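Chemist: Since each chain comes alone in its own frame, lean on the hints to assemble the complex.
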Amino acid sequence: MMRRVCALLFSLLLGGCALYGAEGSHRYLVTQQFVIDGPGLKLWVPLPLESGYQKASDLAVEGNFERKAVNADSTYGAQMLHLAFAPQQKHNTATVRFTVEVHDRKADFNRSGVKASTEELAPYRAGSEHIRIDGVVKAYAERITTGETDDLQKARRIYDWTVQNMFRDPKTRGCGLGDAYQSLESGYLGGKCADVSAVFVALLRAAGIPAREVFGIRVAKSKYSKAYGVKSADITTAQHCRAEFYIEGTGWIPADPADVTKLILVEGLDRDSERVKAEAERQFGNWEMNWFAYNSARDFVLTPAPVQFPLSIFSYPYAERGDEPLDYYSPKNFTYTITVKELP
Amino acid sequence: MRPLLLLGLPLWLWGETLSLYEVPKMHCPLCTVAVKKSLKALDGVHRAEVRLNTKEARVWHDDALSNAALSEAISKTGYEGILVSREPIEAP
Numbered sequence: 000m001m002r003r004v005c006a007l008l009f010s011l012l013l014g015g016c017a018l019y020g021a022e023g024s025h026r027y028l029v030t031q032q033f034v035i036d037g038p039g040l041k042l043w044v045p046l047p048l049e050s051g052y053q054k055a056s057d058l059a060v061e062g063n064f065e066r067k068a069v070n071a072d073s074t075y076g077a078q079m080l081h082l083a084f085a086p087q088q089k090h091n092t093a094t095v096r097f098t099v100e101v102h103d104r105k106a107d108f109n110r111s112g113v114k115a116s117t118e119e120l121a122p123y124r125a126g127s128e129h130i131r132i133d134g135v136v137k138a139y140a141e142r143i144t145t146g147e148t149d150d151l152q153k154a155r156r157i158y159d160w161t162v163q164n165m166f167r168d169p170k171t172r173g174c175g176l177g178d179a180y181q182s183l184e185s186g187y188l189g190g191k192c193a194d195v196s197a198v199f200v201a202l203l204r205a206a207g208i209p210a211r212e213v214f215g216i217r218v219a220k221s222k223y224s225k226a227y228g229v230k231s232a233d234i235t236t237a238q239h240c241r242a243e244f245y246i247e248g249t250g251w252i253p254a255d256p257a258d259v260t261k262l263i264l265v266e267g268l269d270r271d272s273e274r275v276k277a278e279a280e281r282q283f284g285n286w287e288m289n290w291f292a293y294n295s296a297r298d299f300v301l302t303p304a305p306v307q308f309p310l311s312i313f314s315y316p317y318a319e320r321g322d323e324p325l326d327y328y329s330p331k332n333f334t335y336t337i338t339v340k341e342l343p
Numbered sequence: 000m001r002p003l004l005l006l007g008l009p010l011w012l013w014g015e016t017l018s019l020y021e022v023p024k025m026h027c028p029l030c031t032v033a034v035k036k037s038l039k040a041l042d043g044v045h046r047a048e049v050r051l052n053t054k055e056a057r058v059w060h061d062d063a064l065s066n067a068a069l070s071e072a073i074s075k076t077g078y079e080g081i082l083v084s085r086e087p088i089e090a091p
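Chains as they are written, first to last, in numbering that gives the first Met the number 0: chain A, 0 to 343; chain B, 0 to 91.
A portion of the hints provided could be inaccurate.
To be verified - With beta-carbon atoms standing in for the labels, derived distance ranges:
#1 A:R274 to B:S65: 56 to 66 Å
#2 B:V83 to A:E147: 46 to 56 Å
#3 B:S74 to A:G321: 18 to 28 Å
#4 B:K36 to A:D133: 32 to 42 Å
#5 A:T302 to B:T53: 19 to 29 Å
#6 A:R281 to B:A40: 34 to 44 Å
#7 B:L17 to A:T145: 47 to 57 Å
#8 A:E147 to B:S65: 49 to 59 Å
#9 B:D62 to A:A121: 50 to 60 Å
Unchecked claim - Footprint (simulated), chain B over chain A, 3 or more residues, beta carbon under 8 Å:
#10 95-106
#11 321-330
Just so you know, the hints here were simulated from the structure itself, not pulled from any lab data. Being a predicted model, the structure only gives us computed values, none of them experimental. For glycine and all other residues, C-beta sits at the position ideal for the given N, C-alpha and C.
Excised from the complex, chain B in its bound form (with noise of 0.2 Å):
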């Protein structure tokens, strides 16, 4: 239980925000593994979600991550990362 706690401050604390990326070169399903993983890879990103369908990237992340920071992750897979929107999540 401890852990968890533990783990949940810093959500408490900074809060959680959504920030959603067009990435539009995005060709081919293994795409979105390449984006989904270079997101993840940054320190405060809690869950990133990619469709190739709709070309999109949302994030959920700390609010301190920049969208400097998320896009320069999306640009290391080799596709340009646009913001559409950046909300931060209201705790429930």
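If we strip away everything but chain A, and leave its shape as in the complex, we get (with noise of 0.2 Å):
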């Protein structure tokens, strides 16, 4: 199992460094603070991907737990660490701390000779309960890329109708449930970007194209748009979810369609205007990284397990006391911060 884990992380980094090129780099350094009142509790906290793009180091841990493991999710690599605190202590306190160094994405569409292994990409290409790719997703997709044979032609469709049809209800609790099928069956195409990302990449499963949601938090202002950074350095409440799909020989290339269907409502844009033209042209291919990766798992279980699993997205804090899970959409109720500073 831990051979499949670390081959997978292994492909994950050469992948991404014989991919992209930095074009601007940027390093963070990020605190979590959690006070949580109450006895039994057990605590995980998503860590940052490793890859071409982005390496995490100096973990630092503090606090009054009793144990502390950093784990791997067998499926997906998904980093987390995990704290358990004493069981009849009703006052618990971690602070963790962690730099993260991070490089600008842009796909190379004319690259050849990539290839991932098949074990790599079979998370990618099959579905789950949240990323269903039968029924009424499979019928979109049909419908989306017909008549179309290349797969980069296809997943630039599937992008294009993403952008099109889907929209940001900024009513949505935290990023989004991220139920692909239940989006395009209930045909109320509006949510966060969880919700927008999950349709793409369901959408491209479905095509017969790997892809996956890419969680994680933003962490700087952006130099596109106010729609896409943060405001100040508490960073709390700024999950977010971006997409890759695999091209084969072009490899994983990113994209961020729900970031465009933000623009559109924080902006109060039309969706036909230039602007949003040309940065759904841009966000087909790029990531700007004001923004670092967490993980691409869903559906998926913590390690060690939970009470309560699966868990369908770990870009937020995940605890439970008990049998019962803190809300992880209500910082102030779980009790947690995250706070940032940008490092020269």
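Modeler: And the structure:
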């Protein structure tokens, strides 16, 4: 099992290195603070993905916990810190710090010769509870890609359809449920980044193209729009989901259709305006790294397994007191804060 | 001691029942919190245990509490609760 995870991480690292050069590099110091009352607390904290475009270091953990461990899940390689507090302890504290160095990503669509292993791609071809690729999803994918045989062009059609038809609903809680089947079956195409990315990814997989959401968090201002960045050092609620798809020979290609829908809402733009068209073009194949990635895991089991499982999305800290999960969408009740400082 | 005896009196008089519900549309850990909270808010519910992996809710409650009331409590959270079994619990 461990060998499989190591192989996956290694191939991700090589794939990323081979595909993307650094246009801009940034280093961020991220601090997460937890002050949680109540006995029987167990906490799982997402840690940054290791990839060619991103490297984490200097993990430091302090607090009055009894046990700590850094684990990775066996399917997606999602990195996590697990803290267990003494069963009768009523006041629990933890501070988690790490540094993450990131490089802007720009896909080279003319690149060839990249080949990922069947094992690496397998989870990103398959469906899951929230990323079903049958029924209505399959029907939409076939309709959108009718007559097209080239995978990159199919992906572009699906991207354009997603940007044209989905919209950001600011009332959505957190990043959204990310239930692609429900979105397409209900016909309600509003949501936030996890919803938009889930539909994009599910349609791609249904069209036979490996794809994955990439859950992470925004850490800085954007040079392109206020819609894409954070306003302050407090990034507690700045989680954001992007997406990638895999083209044989070219490798993993970054995209962010969800941020195009956010741009439209935040800047009050017309979907057919030149600005939106230009940004949609840029977001296909580029990631501005004022954000870093945690993982691409969906519908999986944390390590060690909590009482309640599986977990749909792991971009928020997860905690249980006894058998009850704390509300990760409500950091004030949970209680946690996440802050960031850009390093020279 | 006396308050404990008084609290136990209703159980002795009317007995306790364990009802098992399937809640198939629960999809995330927070769904279990909502279902458990709604069940525990009912008078006559002693304990509730909800699990996401099995999509089941176990409720220990007064005999007198009806399936309709328990189902209604689950449906208030937006999920349908399907009664699987309802068994009286033998006193120890």
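Chemist: If a hint holds in the structure, say so; if it doesn't, say that too.
Modeler: These are the hints, each one checked on the structure:
no.	hint	verdict
1	A:R274 to B:S65: 56 to 66 Å	59 Å, holds
2	B:V83 to A:E147: 46 to 56 Å	48 Å, holds
3	B:S74 to A:G321: 18 to 28 Å	25 Å, holds
4	B:K36 to A:D133: 32 to 42 Å	34 Å, holds
5	A:T302 to B:T53: 19 to 29 Å	20 Å, holds
6	A:R281 to B:A40: 34 to 44 Å	50 Å, violated
7	B:L17 to A:T145: 47 to 57 Å	54 Å, holds
8	A:E147 to B:S65: 49 to 59 Å	57 Å, holds
9	B:D62 to A:A121: 50 to 60 Å	51 Å, holds
10	95-106	violated (count 0)
11	321-330	holds (count 6)
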